[in-house]
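So the chains spell out like this:
There are 2 protein chains.
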Amino acid sequence: MTSYTAPLADIRFVLNSLAGLADITALPGFEDASPDLTDSILEEAAKIAAGTIAPLNRVGDLEGAHLKDGKVSLPEGWRQAWDVLVEGGWNGLAFPAEFGGMGLPNLLNVAVQEMWHSANMAFALCPMLTQGTVNAIAGYGSDDQKATYLPKLVSGEWTGTMNLTEPAAGSDLAAIRTRAVPAEDGSFRLFGQKIFITYGDHEMAENIVHLVLARLPDAPPGVKGISLFIVPKFLVGADGALGARNDVACASLEHKLGIHASPTAVMAFGENQGAVGTLVGQANRGLEYMFAMMNHARQSVGLQGLSIAERAYQQALTYARERIQGRPVGWNGEDRTGIVNHPDVRRTLMDMKCRIEAMRGLIYKAAAAVDIAHHHPDATRRAEAQLLADLLTPLVKGWSTEIGNFVASAGVQVHGGMGFIEETGAAQHFRDARITTIYEGTTAIQANDLVLRKTLRDGGAAIDGLLADIAATADRLTAHDAALAARLGAATQAAKGSVRCLVGLPQREAAAVAVPFLELMGTLVGGQMMAEQLIAAQAAPSDRFLAAKSVTARFYGEHVLTRIDGLAQLIQAGAGLVMALDEDLL
Amino acid sequence: MTSYTAPLADIRFVLNSLAGLADITALPGFEDASPDLTDSILEEAAKIAAGTIAPLNRVGDLEGAHLKDGKVSLPEGWRQAWDVLVEGGWNGLAFPAEFGGMGLPNLLNVAVQEMWHSANMAFALCPMLTQGTVNAIAGYGSDDQKATYLPKLVSGEWTGTMNLTEPAAGSDLAAIRTRAVPAEDGSFRLFGQKIFITYGDHEMAENIVHLVLARLPDAPPGVKGISLFIVPKFLVGADGALGARNDVACASLEHKLGIHASPTAVMAFGENQGAVGTLVGQANRGLEYMFAMMNHARQSVGLQGLSIAERAYQQALTYARERIQGRPVGWNGEDRTGIVNHPDVRRTLMDMKCRIEAMRGLIYKAAAAVDIAHHHPDATRRAEAQLLADLLTPLVKGWSTEIGNFVASAGVQVHGGMGFIEETGAAQHFRDARITTIYEGTTAIQANDLVLRKTLRDGGAAIDGLLADIAATADRLTAHDAALAARLGAATQAAKGSVRCLVGLPQREAAAVAVPFLELMGTLVGGQMMAEQLIAAQAAPSDRFLAAKSVTARFYGEHVLTRIDGLAQLIQAGAGLVMALDEDLL
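So the protein sequences, as listed, match chains A and B. All the letters of the first sequence, read from the start, carry residue numbers 110 to 695 under our numbering. All the letters of the second sequence, read from the start, carry residue numbers 110 to 695 under our numbering.
Hint data in this document are derived by calculation from the structure and do not stem from the laboratory. Please read all numbers here as calculations on a predicted model, not as lab measurements. The beta carbon of each residue, even a glycine, is placed where N, CA and C say it ideally should be. Any given hint could turn out to be false.
[Unchecked claim] Using C-beta positions, here's what the derived DEER-type ranges look like:
1. A/585 - B/592: 36 to 44 Å
2. B/156 - A/361: 33 to 41 Å
3. A/689 - B/168: 54 to 62 Å
4. A/689 - B/143: 32 to 40 Å
5. B/483 - A/185: 25 to 33 Å
6. B/175 - A/615: 54 to 62 Å
7. B/609 - A/591: 58 to 66 Å
8. B/436 - A/440: 55 to 63 Å
9. B/443 - A/606: 34 to 42 Å
[Unchecked claim] Stretches of chain B that chain A covers, calculated by requiring three or more beta carbons in the stretch to come under 8 Å of a beta carbon on chain A:
10. 324-337
11. 518-531
The shape of chain A in the complex, shown without the other chains (with noise of 0.2 Å):
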């Protein structure tokens, strides 16, 4: 059983001194966002993230979901918990007045969001997607959906899921099957099955709204054939009451290597006279809505990365400080300390230390963005923002949940056997963090978007503008930190590099290095952010926290950043031997 205590002093260093929280509150619409709202509202997230939520994880852990009589059972306390998030209106900090939310900036909201996937990746996941569901109702509904569903799924009393997958239409929506027949009220019926529903059901809330993705009878094939439809659990009367159960139903949940209690199911829909749906927006359009939504949904999982490699760190800390084994290499301390005296495990918290750091700095930074992008009077701004979101999404994704998979392992490291034995609890976060690598799209999905789509596109403009803006870090760190600017400096030329062999190769070629093109471009905008976080912190240098964080920030140069000559190396050289070997060969 571990504790969780959200990490304040570097949320809110990241949040001002990098992200520009007080810029983001001077925007438009934001006008409540007092610094006295906003530091009110970390203090209290944070006690209910460590009160209510931390406690959770284990007990969720071991229980999990189950299905049972054909209702699904959550974990012991998790409704209350949903309760306390639905008093306290935390499912709409960052939702519009007009349907109950309290209008902050998307950039607050994920800093709360943070902590609740620190303190409870599976619980968490419920709000996450529930958001989603607010997200793309309030963007593409009609005035009656909107009116019908927001201020419940904004409050929280009914949850939200998205139904993309189906068991041959994975990472390929071109091949959804499920379908949709109008019916004479202008409304659907849908008949198909959908797989990997996270919080597909539960009793947690009064409805649940899926949303999901069906092909009309006279769709084009592929994805241009495919439609968005709004299906509740409860049909919802005219005066906004509950009636029938609709024909939507939980087949099974699957059993999972990691967040257990978050009830990942199959959906059959219109297994009797067809589930019940609305279309959202204009037919065919569909995969459209999705993926006008997927920058929300990305930067979310990347959250989870830094948020379990949080936990994970804090664990390991601990442990570390309390488990007294041997003496170190050449310790002129006190005979009993702590391992993390020993060196190697001194390294290792330090490289966890220093990705969680960067990770923090480059997801606040794109949520801020994403806040421009939408408030920004200035219509130039705006466009540069959703630029700049749009650029660094694939890294806040791909980059950060394998970062966050590399700290949990760590974690588990650090507590030497104690941390393959399952009540530790280090175990749970090295599993928990699996499949944030996976779902969202693969970490080889992000990579491509950011290749194929992001770099090769425009012949890397937009990506130039990006190293362009390294490079001018790299400037202003000299007078701070000459050799950490040198080491930057050279970095973004040698991704100015790989950025030029990237877009004269083939496409098939590119996409066989763009996962390392990923890393690379992580690696160097954490070096960013972790530069961008010395000169701030050298503002006070006699203050300790102040002090600390330049010390990480030279550490992530000399321990993370020397990793980019390899990746440029590879690829560089690497693209045309990925596909060299006949298949038979494997």
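With chain A's structure known, arrange chain B on it following the hints.
Just chain B, lined up with the frame of chain A:
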């Protein structure tokens, strides 16, 4: 449910072309090891691994080991499989004929054990521990102890365990507190608790022979006061018949992340009148005896890294061939093709494959060195081989297990969402692999061994010899593949720079970058192994298997060897910063 097929083509290639099986079988003592015999042993082992042991892997994971009413039960089928090994004499493959063994080379045994571990890691731990027990008694036991215990352990009718760890004594064996009190008849009574005892109790064999580290009453403190004892589960009479139950009991079993069917026991010695034991060798030299056996135990765990990687690779490859999903980028082939033709899936599979073949080269080469060190008629050659085995052991254990984890995780990733579902089986390999970087000395302990004992102590002399050998391989490679030769040569130079840097550092700083140095050296020696395989393969370039070997070797050069520069930069720059932060600022 997944199958396993022993990769006999690659095993034979590495045995013959790299590890020099013909030279090993020509050594004195291996007169019976004809090519026909060794080959039929490989064929038969492959059948048992695939047909008998591998089918129990999933049931082992699901059922696990259980303690009830003082008895430890293993999964259905476990005992029958063990009987197959006993009846075939498989446990005695590499042991002398005088104790009932076959007297065959360690190298051949390693190839067989690779198949056992791939088939079922939790199962294969039992023969592994039993063989370790044989080595200890054969090396340091009295004639009486040998006569009493070895025939039954060599046959596998009895199994063996190593009892080192206690709650406060993990990596730090100096802290051992188990007591051994002399009895009037010359035997001892042991009192204490041991934890993490693999196959500490079960009903698969008639008797279990525990090797136990404990302190005599007059023992000096620390590592120089630890003695080694034999404590059988059932006392053995002078006639060899089993007598009374000894005062040793399984107090509980751990709930672990993986290897569920391997019973990891808390063992209670002397809860009543004291557990009867006999001293092995001289008093207070127990740790020395244990360390003398470390090469075998650590090479065996390194082998598990290879084995689990091979199993994960086979499963991922099968899935990638069968799973149809979308049209690969730039694909000109048939419409319905497996994801094996998606560029990143192919890159991942190649990355797994090339590391597996590099590991097999390293591990088999180290195994051959052990045979030479024990059997070569020339003392100088024996000493050289022992030096090489000592130098390679931390790489075999430290690097191969890290790579085993990396490959098992990649195997999950290839499966996408299915990889996270336990039924698929990919997740079990990922969970099972996780222990290998921890037990028998964590990666950090291997790295300290490599850096502090085997690099700093002789000023880098031994490792310079290894680097000269790699440079010679690079020279010979030039005629076959100049580009790979240049890459291997440059990597060797970078490693030399790292060695020079390390020998100039204080111990504490050298230990702080020991794990990156181990990764560097493992990667480099892996490169040498692939280079040697490429050279050997080019002897018959028209053979498709051998042609594939050349591609795989080049892939290793471009995708794996390229990491070395960054590791060398890290070692050059990063040792000082590891301990720079005050501990409370972590």
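Right, here's what the structure says about each hint:
1. A hinted range of 36 to 44 Å holds for the C-beta pair residue 585 of chain A and residue 592 of chain B, which are about 39 Å apart.
2. The hint said 33 to 41 Å for the Cβ distance between residue 156 of chain B and residue 361 of chain A, and at roughly 37 Å that hint holds.
3. The hinted range of 54 to 62 Å is not satisfied by residue 689 of chain A and residue 168 of chain B, whose Cβ atoms lie roughly 39 Å apart.
4. The hinted window of 32 to 40 Å between residue 689 of chain A and residue 143 of chain B holds, with their beta carbons roughly 38 Å apart.
5. Taking 25 to 33 Å as the suggested C-beta distance range, the pair residue 483 of chain B and residue 185 of chain A does not conform, at roughly 59 Å.
6. Restraint check, residue 175 of chain B to residue 615 of chain A: a C-beta distance of roughly 56 Å satisfies the suggested window 54 to 62 Å.
7. Remark: the range hint 58 to 66 Å for residue 609 of chain B to residue 591 of chain A is contradicted by a beta-carbon distance near 25 Å.
8. Checked against the hint of 55 to 63 Å, the pair residue 436 of chain B and residue 440 of chain A passes, with Cβ atoms roughly 59 Å apart.
9. With their beta carbons about 36 Å apart, residue 443 of chain B and residue 606 of chain A fall inside the hinted range of 34 to 42 Å.
10. Here the segment 324-337 of chain B counts 0 residues with a CB under 8 Å from a CB of chain A, which misses the bar of 3, and the coverage is violated.
11. For a cut-off of 8 Å, the count of residues in the segment 518-531 of chain B with a CB near a CB of chain A stands at 9, and the three-residue condition holds.
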